[in-house]
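Model the placement of chains B, C and D with the ligands on the given structure of chain A, informed by the hints.
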Amino acid sequence: MTYLAKPKFHHPAIEVNALGLTHRDYEGSVSTLCAGCGHDSISAAIIRACFELDLQPHRIAKLSGIGCSSKTPTYMLGQSHGFNSVHGRMPSVLTGASLANRGLLYLGVSGDGDTASIGLGQFAHAMRRGVDMTYITENNGVYGLTKGQFSATSDTGSKSKKGVENLDAPIDLVAMALQLGATFVARGFSGDKGQLVPLIKAAFEHRGAAFIDVVSPCVAFNNHEGSTKSFDYVREHNIALNSLDFITGRRPIEIDAQAGVSETVTLHDGSAIRLHRLAEDYDWRDRSAASAMLERHRGEGNLVTGLIYMNEEPVDLHQRLGTSQTPLNAMSEVDLCPGSKALEAINQSLR
Amino acid sequence: MTYLAKPKFHHPAIEVNALGLTHRDYEGSVSTLCAGCGHDSISAAIIRACFELDLQPHRIAKLSGIGCSSKTPTYMLGQSHGFNSVHGRMPSVLTGASLANRGLLYLGVSGDGDTASIGLGQFAHAMRRGVDMTYITENNGVYGLTKGQFSATSDTGSKSKKGVENLDAPIDLVAMALQLGATFVARGFSGDKGQLVPLIKAAFEHRGAAFIDVVSPCVAFNNHEGSTKSFDYVREHNIALNSLDFITGRRPIEIDAQAGVSETVTLHDGSAIRLHRLAEDYDWRDRSAASAMLERHRGEGNLVTGLIYMNEEPVDLHQRLGTSQTPLNAMSEVDLCPGSKALEAINQSLR
Amino acid sequence: MPIQAVNDFVIRFANVNGSGSASANLLFARSILRMGVPIAPRNIFPSNIQGLPTWYEVRVSERGWLGALGRTDVMVAMNPQTFDKDVASIEPGGYLFYDSSRSGVPSRLRSDIVGLGMPLTEICAREYGDLRQRQLFKNIVYVGALAALLDIEIGVVESLIAEQFKGKAKLVEPNIRALHIGFEDARSRFDCPLDVRVRRCDEVGDRILVEGNFAAGLGAVYGGATVCAWYPITPSTSLAEAFERNCARLRVDRATGEKRYAIVQAEDEIAAIGMAIGAGWNGARAFTATSGPGISLMQEFLGLGYFAEIPTVVFDVQRGGPSTGMPTRTQQSDILSCAFASHGDTKHILLLPDGPGESFEFGALAFDLAERLQTPIFVMLDLDIGMNSHLCEPFRWDDSRKFDRGKVMSSADLEAGRDFGRYLDVDGDGIPWRTIPGAHPKRGAYFTRGTSRDRYARYTEEGDPYVDNMERLLRKFDTARTILPGAKLRKAARPTRTGVIHYGSTAAAMDEAEELLREDGVLVDSLRIRAFPFGPEVGAFIDAHDRIFVVEQNRDAQMRTLLMADFDMAAHKFHSILHFDGTPITARFICREISTRMPARTAPRFKEVAS
Amino acid sequence: MPIQAVNDFVIRFANVNGSGSASANLLFARSILRMGVPIAPRNIFPSNIQGLPTWYEVRVSERGWLGALGRTDVMVAMNPQTFDKDVASIEPGGYLFYDSSRSGVPSRLRSDIVGLGMPLTEICAREYGDLRQRQLFKNIVYVGALAALLDIEIGVVESLIAEQFKGKAKLVEPNIRALHIGFEDARSRFDCPLDVRVRRCDEVGDRILVEGNFAAGLGAVYGGATVCAWYPITPSTSLAEAFERNCARLRVDRATGEKRYAIVQAEDEIAAIGMAIGAGWNGARAFTATSGPGISLMQEFLGLGYFAEIPTVVFDVQRGGPSTGMPTRTQQSDILSCAFASHGDTKHILLLPDGPGESFEFGALAFDLAERLQTPIFVMLDLDIGMNSHLCEPFRWDDSRKFDRGKVMSSADLEAGRDFGRYLDVDGDGIPWRTIPGAHPKRGAYFTRGTSRDRYARYTEEGDPYVDNMERLLRKFDTARTILPGAKLRKAARPTRTGVIHYGSTAAAMDEAEELLREDGVLVDSLRIRAFPFGPEVGAFIDAHDRIFVVEQNRDAQMRTLLMADFDMAAHKFHSILHFDGTPITARFICREISTRMPARTAPRFKEVAS
Ligand SMILES: Cc1ncc(C[n+]2csc(CCOP(=O)(O)OP(=O)(O)O)c2C)c(N)n1
Ligand SMILES: Cc1ncc(C[n+]2csc(CCOP(=O)(O)OP(=O)(O)O)c2C)c(N)n1
Ligand code: SF4
Ligand code: SF4
Ligand SMILES: [Mg+2]
Ligand SMILES: [Mg+2]
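Chains as they are written, first to last, in this note's numbering: chain A, 360 to 710; chain B, 360 to 710; chain C, 164 to 774; chain D, 164 to 774.
This list has only true hints and no planted wrong ones.
Straight-line C-alpha distance at most 30 Å; calculated DSSO-like pairs for lysine-lysine: (1) A:Lys506 with D:Lys333; (2) C:Lys333 with B:Lys520; (3) C:Lys639 with C:Lys651; (4) D:Lys329 with A:Lys518.
Sample of chain C residues with no beta-carbon within 12 Å of chain B, all distances over it, derived: (5) Glu347; (6) Glu556; (7) Tyr609.
These aren't lab readings, by the way, just hints derived from the structure by calculation.
We put the CB at the ideal spot given by N, CA and C, even for glycine.
Here chain A stands alone, though its shape is the one from the complex (with noise of 0.2 Å):
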């Protein structure tokens, strides 16, 4: 590859949002990543949806551990806060700042070494948890950036560059964060922006733990035939579930040429996605229903996509610990020390 900017996302170079800005304002310093990896693709849906919900930028913060994926926040959104953590351990580095601050908006980036090998606990409890955020694992089955052995995620069977193959049992992020409570539930894959984009969407727009699991292929280390993570064996296990569109008042409702039956739903600010179902008939409210899907076609072969689940009333972490409208952190002494009055009562108690 060469060290020249990656060609952009395509859009207009004078289309600008709400806000007023451009989404070149939503772009972030240049990808080193390999030229083709899919974690770009990844990068780009996401300055798609942020654009396209007129996100203010400096109100996002974008968390991650360490990988190829990982790296991916510098790569987008170059006027929000970003950090780059520990390896695996983006979910608690993110609770703590979620609880810091309730007033900005949380994506956590991950991969799925990152997720599902060592990060797989902090995982399973911020999900559990209920941690307002948009959780995007960026799933090639391999660790990219230690040059390509298999991560927890690899299908049992699927081969290795070298031709070696896996022969443990695979994780399911996506069936593992339903069994854990996530209540936004999602499957994409890189090579279906198309899909992608409104599904960030709609998790950016959900106010609880939504989790997404996009297969990202790595050109790198995990495209070739025999892996069930390349570009090809992707394209044809996929079955999209449906497809969304996501609505807001002042963008006109495209209704997409596709098959299947379309369904509108509100959200709690007023948005609101269109669903189009596309695989079946199938209830993306029912966690039971989800579950077996899932399960059923796993046993398939098949790698399911789209919106898995939603919950439309999420109680999030603060809800649940009754934390203050304020954030945290814009609290001062006054709000915050009791002062020597309340110490006196408190030394009084102690004689």
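The following block gives chains B, C and D with the ligands in isolation, referenced to the frame of chain A:
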């Protein structure tokens, strides 16, 4: 409580097994747990299972993490080597031990804090690797040893002794083990020894990752009204799927006078289990069915116990790795050191 | 000869844990305190919930010596399991109070102690039908008996009972009744009071009796901590719980019920420190509380905190290591693993409180320091400080005090066009400016990472900016020396070339030791270190003395290692005095060690005691 | 004046990573080696997979100086991104080989260097239709050109190509063709050879060129390691991979295909060390390989390993810290976090190999030591040792050597009724006996734990057995001093009171530095430390010198801290020389530092170089 020895599992003092060992030969030090603690009943069940299976105590290795539950290996199998490791990390220590010597039987004992909180990652990865072990979680929904904080298996809405409600989503270890590729998955209740002992026996006979979640009320901190892990609550909500009899050539098959249909499953070593279906028409060979069944009962607030899933042809870690039949810890320089001639060839290739 | 001592003795209760003795023993201790006599109570408990031996010791000292003493004058032997050992541990001439309901006991008594048998079990069996009541009230009965024996004013005990059960009036009466049962029985049975006894005086003043963990948790409330992420572990659990309890009382909005704090019980220590770091990064005052094993698990994140310069606070309530070690015993053995936490070149800031007073003070100050210095701050308690109640000066707070948020570039600064480089040393003190996420729409955003970067927070793999940054971190560390709590010097009556350096919970024992040494004609200056890195006063002290004893509660002379690494001076000056068996260090122990090693002396004056 | 140098220069290749240059550069380097001229190649690569700058440097030194030199005589500038910087870094009088296909380049050349432009891109475009081929063969073409320019025997390069593609004959011919294209073009274009050039000699002998990670992985095979549990992390990954590759070749049963080893890629470093400890406990020789962040995560388990006395081996291939730091740069900055790994009083054993030779030797020895001393053994490589190829003596193995399994009580011993106490110091050396699980039906079973216990492994919370055990561990540590590899002393030609202490990958640079200092009239004795804790020879060395320089590749003088903690001696003796920018330390750097600080000297002879 008193410091006197706990009442031992009832058995005729003179009973000996095929090895000529008495029940006492399988016991350990006096328990220092609270009087009435569920964990002590599980220890008794393990002792009973080992006795009935005619296991040689010194061919068992018992490992645990940290917690009241993790203390219990001291209270059983005094002739077995034991290892109280660090909090939440028994699975890795056990995996290493198993790699070193495939000839022993491995018993891993853990708590719900130890397994589902700090140890979730290790639990998950041991299951997906197919480590040949019997992994028992003594699940009381709290951290006993640190005085009663909620653990990650605590149900949403379950109340602490002080009356505080747990708000996070619970981790169902059985569902998780199933999803992660464990090849033997069961749930027991410390209050139902009749069901538990044969489950443990079957797990010991299983040559792969066998997981048993045993609900085990903590009388000190989690046995009150409002807790979903109290003796009373569990008794009321227990749906026993099946009960087992473990059949060896030597022992006559005792037919339980219980309802339901029976089925006999022959195990790899010629022994067999007789399974009495109790609850419903449910196929423990079908993983998807098991998932769906768990999900359904979870919705209804029931606690399913019994054998939930078994793969009759497990492929364990050693088989996957192709390790030699001779235990690795029994090899000497003759087996392991390639010698000076091979080294000279390597030198030559590096010039 | 039975011991004769007024307001100067140690009484020890041997109990079974989970038997309800703890609150009765506390009642006993507080009664003496209310009579104006200083006390130092200490708990010795097992790592278990119910059924194992536990001891509670109260040192009564009118002179105000509050360190552990390592002897027992009066033994209240309530645990048959440990009876023989307990009896053996009594000082010759001491007293044994025991339950004489069990036969056979007297034969096991020593001839050189005074036996005080009372048929407690029988008395309670007679008085109470209910089994649980028998057990519980038995404890109050012996408190009553001890009041008679030790001349504790029964009215004081009664009023404490009344205070304790305020609002639960139904409980007051039976407790007072039990108290009197014991009191009367003792008076009828023994020649009360004994020659060892309590006498009202006025040596307590307005001091309070409090556990260090409570103090530190309260300090965090006053210091403005809003985010607490923790994982239960003895002996730090009660620190997080104290924060929670005090927040629930002091930080909930009366009108809305909204909480001005957030507490998360994390899934483990790695997640706990990760949350504290995330919150600190995002501008909240955040902390975690843990003990040794947690410190080990947090190492990677602590290195990130150091290198990415994130304000956060870690309370380490030290226990006996290594590994799971002795989880219910005290030690100062995490000094090195905190000071050098994480791989690579890292050095961290430690605060070393000597008891609850400084635990409160440093517990609040730590948050100012974390934001001022933009780095993790360790507050090093230990089990002795944290889980035992200590008599200390009342907590004080200056209402005009403002939080020091350190160098935070505001939205206005940014708008005004101030140059912002996250790792730029604008002021020459090694401390850069930071921005809080969300501060400004166009300016001040930067990327935080654990990899190396230049002064403007841009990723780089080049050596020069890396070295530049690492050297700035050293400058920052030197700045810390100038603002951390200084070491406390106490000079001997006359000039001396012998010094003692100590820190943390050793203080109480050290105070007493100096007095004992003085009486024996040995003069030492002492310096109590209150923070790492050390200030210039520590260097000056070392320069001014030819022989310096470093007193620590660990095996490996960990603070001495830090002293040697921090000062380029003669290592032969340092002589370690090490105490690490898990019990609190005692004055006698220190005196013996120092006396033995003084060149001019041959025979130590201080006799050996088990400690 | 263009540089004139035969067999004594540094050539540096500036490439883009992922472009296939690595194998061409290696081919170049090995060609020189085959001509009997010692070389020291080094890779400088980014933490990324494709598209960022990478450099490869070959020091050619007939005299055999193999340390980094910190200068470039010949630059092969193949990366437009870094072209200007690369040109700027050439020594005055040096040479620049570049692709002249791009216009505009010559104007950016310096006047004090010799420019050698060859239109590589054009040549390849002419010769190759396929794009990928153009890219790949371009690398071989420049190797051909360099052969002409530097007078490398083309036949040697050809035969190396033939060896490389043995069995893939179809690849040999096009590579040789590309080589000749470059060779001929250079000969026609430039005045070949240059004044800087290679000349066949016989200074290599039977030495081999190998990476330290390969050597250590092979050492583990020879040392009898059977269980390897690891988690990928630069720069240690290739160590585990070398173990795997060598096992696959040497440890698979021909008949059955059964493997006499087990390798698990763990889910993280905590699990990796947990598995190694589990396997070590169960009697297998087990190890893990990691780097700084992994060491941080392993701390809790390492404390367990120390306290529960489990044999295991940890290879730490050190990189630039703290935190994620500079993952593709070298440093010696994990010394303290390994030596003091974990909370509580812990001290660990470190082996400090100086290059691949000792990486092999210690890689095997570590397993004997782990079982002999029943504790984790750290083998401290660094990125320079591990991931660069070094010229070293061939590996040797004595076929009569037996594994030292240490004190293992056999089934027969137990049957014979030998007293077994797991923590009993039978032999007075602090090392107890152990049993392997499953050894005997009735005897020898014991419970392993991280909590304290008595000599018979029974749980106890009492202070005395705890102290007894902790003191035995110190005795064991002292025993280690007597069996670990001793420090290597090299005396100056005449007696001197100045000494230098160094360790690890500093050795090659130190060798050269001593020679340079000698030429400059400065005499130093040097001691290369090979293990911690230190043996008596280290103490003797310190005693015998008035001024001791401690050379380390970290900021915080970590080894000096260990020296001061281990010896009760004048700390003022130690002067640190610290190098920590992530590049390997150089002889000039060491010389400059020592010269500047020698009291008698004022003007340093050695000029500043960027390093
Ligand atoms: C504690 C720790 N261990 C290991 C590493 C090395 N490491 C860096 S990235 C990575 C794996 C990344 O895999 P994944 O998350 O799938 O990201 P990808 O590169 O595939 O996008 C590893 C093991 C590290 N940085 N930190
Ligand atoms: C690293 C570490 N953190 C915390 C602790 C303290 N600790 C001891 S046991 C325990 C929880 C035990 O809970 P569980 O596994 O459910 O066992 P139980 O006591 O309920 O049987 C904790 C947090 C520890 N020993 N080590
Ligand atoms: S190695 Fe794989 S994951 Fe990493 S940048 Fe290249 S293609 Fe993407
Ligand atoms: S605290 Fe609970 S779990 Fe622990 S021993 Fe007591 S009853 Fe059992
Ligand atoms: Mg990946
Ligand atoms: Mg529990």
